[in-house]
Each structure stands twice: as structure tokens, then as C-alpha cells.
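Residue strings, one per chain:
Protein chains: 2
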Amino acid sequence: MQAIGIDLGGTYIKAALVHKAFGLVKTNSVETGADLGKDHVLSQIEAAVKPLMRRRGRIAGVGIGAPGSIDLDRKMLIHPPNMPGWGVVDLRQALKKRLGRRINVFVENDANAAALGSGRYGAARNHDHYIMVTLGTGVGGAIVFNKRIFRGETGAAGEIGHISIDYSGPPDQAGVNGAIEAYLGQRFLTGHAREQLEQYPDSMLYVAPGLENLTPATITEAAMNKDPGAIAVLEWAGQKLGCVLGGIVNLLDIRTIVIGGGVSKAGDMLLKPARDVILSYIKPGMHEDVNVIQETLGNEAGMLGAACLVFDQLDDEKQK
Amino acid sequence: MQAIGIDLGGTYIKAALVHKAFGLVKTNSVETGADLGKDHVLSQIEAAVKPLMRRRGRIAGVGIGAPGSIDLDRKMLIHPPNMPGWGVVDLRQALKKRLGRRINVFVENDANAAALGSGRYGAARNHDHYIMVTLGTGVGGAIVFNKRIFRGETGAAGEIGHISIDYSGPPDQAGVNGAIEAYLGQRFLTGHAREQLEQYPDSMLYVAPGLENLTPATITEAAMNKDPGAIAVLEWAGQKLGCVLGGIVNLLDIRTIVIGGGVSKAGDMLLKPARDVILSYIKPGMHEDVNVIQETLGNEAGMLGAACLVFDQLDDEKQK
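Protein chains in written order, with my numbering: chain A, 1 to 320; chain B, 1 to 320.
Honestly, I wouldn't trust all of these hints.
Since copy identity is lost for identical chains, a pair holds within one copy or between any two.
To be verified - Pairs of lysine-lysine, DSBU-like flavour, derived with a Cα cap of 30 Å:
(1) K272 x K38
(2) K318 x K147
(3) K75 x K147
(4) K20 x K265
(5) K318 x K75
(6) K265 x K320
(7) K147 x K320
(8) K75 x K272
(9) K96 x K272
(10) K318 x K38
(11) K147 x K38
(12) K20 x K226
Simulated from the structure, these hints should not be mistaken for laboratory data. Predicted model, so just to flag it, every value in this text is computed and none were measured.
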């Protein structure tokens with residue numbers, strides 16, 4: 001069985017033809033051009049997908065992971081961030097109109113889609129229950145229990161980025177004091193790094209790329225090259241991550257945590273400090289099998305997971 | 001339909017004959033005598049329950065809410081706190097042995113039981129999805145989704161008390177820095193109150209009951225009498241509560257929160273400050289219908305909820 005999975009990002013739209021058993025068959029990528037408005041973005045989605053549909057073999061449907069909230073019926077995209085002028089859009093209808101009335105279309109939040117991709121093709125493959133955390137521009141998340149997304153009352157569950165780990169801490173973009181995103185969101189992380197590097201005047205980051213051009217990737221690279229300042233920054237960030245993850249384990253008793261998204265490429269430089277502190281934030285008696293693992297799929301998780309929306313739906317219908 | 005519900009506490013064992021439609025029929029209470037060991041406590045449970053079983057009418061079963069972790073099969077009680085020498089006990093078997101082999105016995109965590117009681121007879125009566133927080137010696141919690149307890153991987157979900165709201169904050173009894181229990185647990189709350197009252201040398205609490213004898217109840221009473229120091233303490237505590245609850249709403253998208261347990265008797269003196277800050281800790285877009293309400297059942301929630309274990313199980317079997 002084959003389906004098309006789309007990852008609707010603020011900068012790029014990535015689409016893939018996905019084979020249920022074998023994963024990616026062919027991918028395609030176009031620029032989102034979000035500032036050109038909704039109709040332009042929808043045309044770009046069509047442009048990304050159409051070449052994949054011309055290939056041989058029946059396509060069971062199209063799944064799309066999108067930023068922002070999705071309604072419980074998984075049709076409506078509600079105020080996607082960084083996409084000016086969208087408001088509330090029936091993304092399912094909009095895509096059916098452009099791709100074909102008879103095509104099944106499923107819409108999901110991007111972090112939820114990434115979690116499904118991880119569960120079928122990635123680091124969560126052997127787990128029925130896990131938390132997915134996506135570390136990128138923002139911090140996203142998803143709860144998977146019995147291989148299904150836990151969606152909450154309105155479909156918005158999993159907003160890990162806005163959980164506070166310091167009631168009087170610095171605010172994130174939404175104004176939440178001490179939200180984990182205010183430490184680990186890309187822009188926040190580089191800001192904290194600049195501050196902390198004052199303690200490390202010999203850091204190579206002053207030269208390459210220079211403090212004004214810091215990114216999580218350059219910090220990670222410097223840390224891999226044993227730069228003490230860069231190592232300290234990632235250690236500091238990993239400890240914050242461990243704190244929020246510990247709280248989640250206390251609440252949900254879900255003990256496998258998969259870390260994806262661009263910032264997760266720091267790997268053990270970030271995850272070891274998180275692992276080092278996480279148990280100290282969890283009730284004794286709930287420590288067994290707590291496990292923080294790195295997603296290995298990279299940017300493909302979103303596309304793969306979006307295709308899983310189609311596979312899962314058809315599996316469900318078969319069982320009925 | 002009638003069942004017996006038991007609330008196994010560290011100090012008292014409370015038992016009730018509960019009518020499914022009408023609630024409490026008759027209650028009974030005995031001292032736990034936890035320090036006299038497991039066999040004594042089991043005998044005390046028997047002593048509390050037996051008089052209730054002698055009444056007319058068939059009893060559908062016995063439910064018990066107990067402190068500590070319960071296994072996923074809801075039989076085993078695992079290392080209950082404040083009950084020396086228990087270890088891991090098959091509480092279902094132990095009770096069947098004493099109450100009658102043919103009696104259905106169901107075991108549940110006490111906070112989970114209180115949540116079920118609230119959902120059928122208390123403040124959560126009209127809600128399918130809610131978070132229950134019990135504020136007492138410790139801070140407990142439960143997640144109810146679609147009227148069912150969310151139990152997590154091993155049955156331990158809902159350990160709200162150990163969620164940190166300050167990664168470098170003061171430790172709770174288990175050593176978790178900044179855990180909400182380290183602010184709102186009974187002993188911690190009175191400790192913080194003593195510190196904060198230094199700013200209020202005119203507080204009536206210096207006289208009655210005196211700083212050494214502070215309890216949440218006396219602080220609440222003083223606050224009701226407009227004592228500025230007492231009001232400030234409960235405001236401080238309520239703001240901490242609002243922070244942890246905001247994080248839970250972000251994660252679960254469950255928007256009704258019911259606050260029970262002894263400390264919740266402070267009512268709006270504690271809950272209004274929580275309501276005042278909670279939205280500032282929640283992602284914009286998830287603010288609608290967020291609601292922090294006080295449990296009205298008091299100590300009866302646990303017994304009622306324990307009886308619900310029986311009613312729910314029989315409902316489930318009927319549906320099969």
C-alpha cells in the first residue's frame with residue numbers, strides 16, 4: 001500500500017510517496033512562500049504532490065502534518081503560526097479540491113505526525129507508548145499511548161513547549177514564564193548561549209561562526225570539537241529538558257521519550273545531561289525503564305508520519 | 001445496585017455502603033493503626049466493612065482506594081507510603097480471604113478513586129474529561145478522560161505532586177527540586193507560611209494557633225477573617241498551583257480541574273489566585289473553557305469512588 005505524506009513547514013513543503021512496508025519511495029520539496037498567502041501555499045502543496053501522484057500504483061490517500069492546532073475531526077487547520085492570513089481553514093476540503101475529490105485527505109498537527117512516523121519507521125518503532133518532543137524553532141510534542149495519538153478535549157494535546165519549569169522564569173514567545181521553549185527554542189537557546197559564553201572567552205564560537213551567527217548546529221559542532229563553552233551550553237539546555245520530561249513521566253507514566261527536530265541533532269551532547277537529571281525529577285518508584293532516545297529519521301519523520309495517517313485510518317476501517 | 005467503598009488512609013479507614021443512584025447509605029470508620037503492621041490493618045478493614053455487609057440487600061462488590069501504586073490488574077498494592085512493612089501485597093486476595101471468596105474486590109490508587117467519586121457524585125459530575133488534584137499531606141492526582149482513569153504504562157499515572165515548577169526549587173520529600181508538593185504539601189505549606197509571616201508581624205496566626213501549631217485549616221480560618229498574612233500565604237500557594245495546572249493543560253488539553261483534599265477547603269482563598277495565573281501558563285489558543293473548581297464531597301469522595309470501581313466494572317461487563 002502507498003500513500004502520500006506532506007510536511008507543511010514555514011519555509012519548505014516536503015512531500016513523499018511512502019510505501020507502507022518500505023518507507024520513502026520518492027520525495028519532493030518546494031518553498032512554502034508563506035508570506036505570499038494561503039492560495040499560494042495551497043498551490044505549492046499541489047506542486048509538491050502532483051509529480052508524486054503521477055507515478056504508477058494506486059495511492060490510498062494523502063496525509064498532511066501542519067503547524068498549529070487541528071480540530072478533533074482532523075479537517076480544520078486553526079491559526080497556523082508563521083502563516084499570515086490563514087485563520088481557520090478546512091485544509092481537507094482545500095486539498096481535495098486541488099488533488100482530486102475522490103482522494104482521502106487527513107490533516108494532523110506536525111508534531112503528532114512526526115510521532116506517528118517515529119512509531120512506524122523511527123526510534124519509537126518498538127514502543128507502544130511514548131512521548132515525542134520536537135526541538136526546532138519552537139518546542140512541540142505528542143503523546144502516543146497504545147500506538148495512538150492522545151489528542152485531548154479539542155485536539156491540542158501535547159503542547160510541551162509551553163510547560164513551565166520555572167514559575168518566575170523568562171517568558172517564551174507566547175509570554176509563558178519559564179516555558180521550556182524559552183530555554184530550548186532555537187532563538188532562545190542561541191540567546192542563552194551568547195550570555196553563557198561570556199564565561200568562556202576562549203570559545204571557538206567567538207570566531208566561527210561569531211556570536212551574532214550562532215545556531216544550534218554551530219554550537220553542536222563546537223561541542224563535538226570539545227569546546228568547553230559549547231559543551232556547557234548544551235549541558236545547561238539538556239538539564240532543562242530533563243526537568244520538563246521528568247514532570248511528564250510523573251503525570252503520564254509513559255517512560256519512553258523520543259527527541260526529534262533540528263536541535264536534537266546535538267545528540268548525546270544534549271541528551272546525556274537530560275538523562276543525567278531526569279530521574280531526580282521523577283517520583284521514586286517510577287524510575288524503571290525511563291528512556292530518552294534520539295529520533296533517527298531527521299526531517300523525514302513528518303512526511304512518513306503524515307502518510308501513516310492514511311495507513312492507520314485504513315487499518316481502522318478494516319477492523320470494523 | 002449497592003457496593004461497599006473503602007478509603008484506606010494512613011490514620012483512618014473509612015468504609016461506606018453506597019447506592020449507585022443515591023450515594024452514601026451508611027458509613028463506618030475505624031483507626032488504621034498502620035504502625036501495628038499489615039495484618040492488623042487488614043483486620044481493621046474487615047472490622048470497618050463487616051457491619052455494612054450485614055445490612056439487607058445484595059452487595060455487588062467491594063472497592064478500595066489505597067495510597068501508593070497499584071498494578072495494572074488492580075490487585076497489587078505496591079509499597080504504600082506510611083504503611084511500614086507492606087512491600088508488595090495482593091490486596092484483592094487478602095480482602096477476599098477476609099470478606100468472602102465470592103465477593104468481587106477491586107483495588108485502586110486513592111487519588112484515582114477520589115476522581116471517580118467526583119465524576120459520579122461530586123464536582124466533576126457533568127464532565128467527561130478532568131484532572132483531579134488532591135491536596136493533603138501529599139499532593140496526589142488523577143487523569144480522567146472519557147470518564148475513565150488514564151493509568152499510563154504501569155498504572156502510576158497522575159503523580160502530579162512530583163511535577164517540578166522550579167528546576168532549582170526546594171526539594172519535596174522524595175527529593176524532587178521544586179515539586180509542587182514542596183510548596184503545597186501540608187507540612188511544606190505550613191513551613192513556607194512560617195517564613196512568609198515574618199513579613200506580617202501583626203498576623204493573628206502568631207497568637208492563634210501560634211506559628212508552631214500552624215495548619216492549612218488555621219491559615220484558612222485566619223484568611224477568612226481577613227488576616228493579611230494568611231491571605232498572602234494562600235495567594236502565594238494558589239499561584240504555584242496555577243503554574244503546575246497550566247502545564248498540565250498544555251500537555252493534556254484537558255481543561256477542567258477539580259481540586260479536592262483537606263487543603264482544598266481553603267476554597268477561593270486558594271483557588272482564585274490559581275485561576276488568576278493559570279492562563280498565563282497556558283499556550284494562547286487553549287484558554288477557552290479552562291476551569292478550576294473545588295471538590296464539594298470532602299472526605300467522602302474516596303469511599304464513593306471506591307464503590308464506583310464496582311459499578312464501572314459491572315457496567316463494562318454488561319456492555320460486552
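Original post:
Checked against the structure, which of the hints given earlier come out wrong?
Top reply: Numbers 1, 6, 8, 9, 10, 11 and 12 - these are the hints that the structure violates, sorted from lowest upward.
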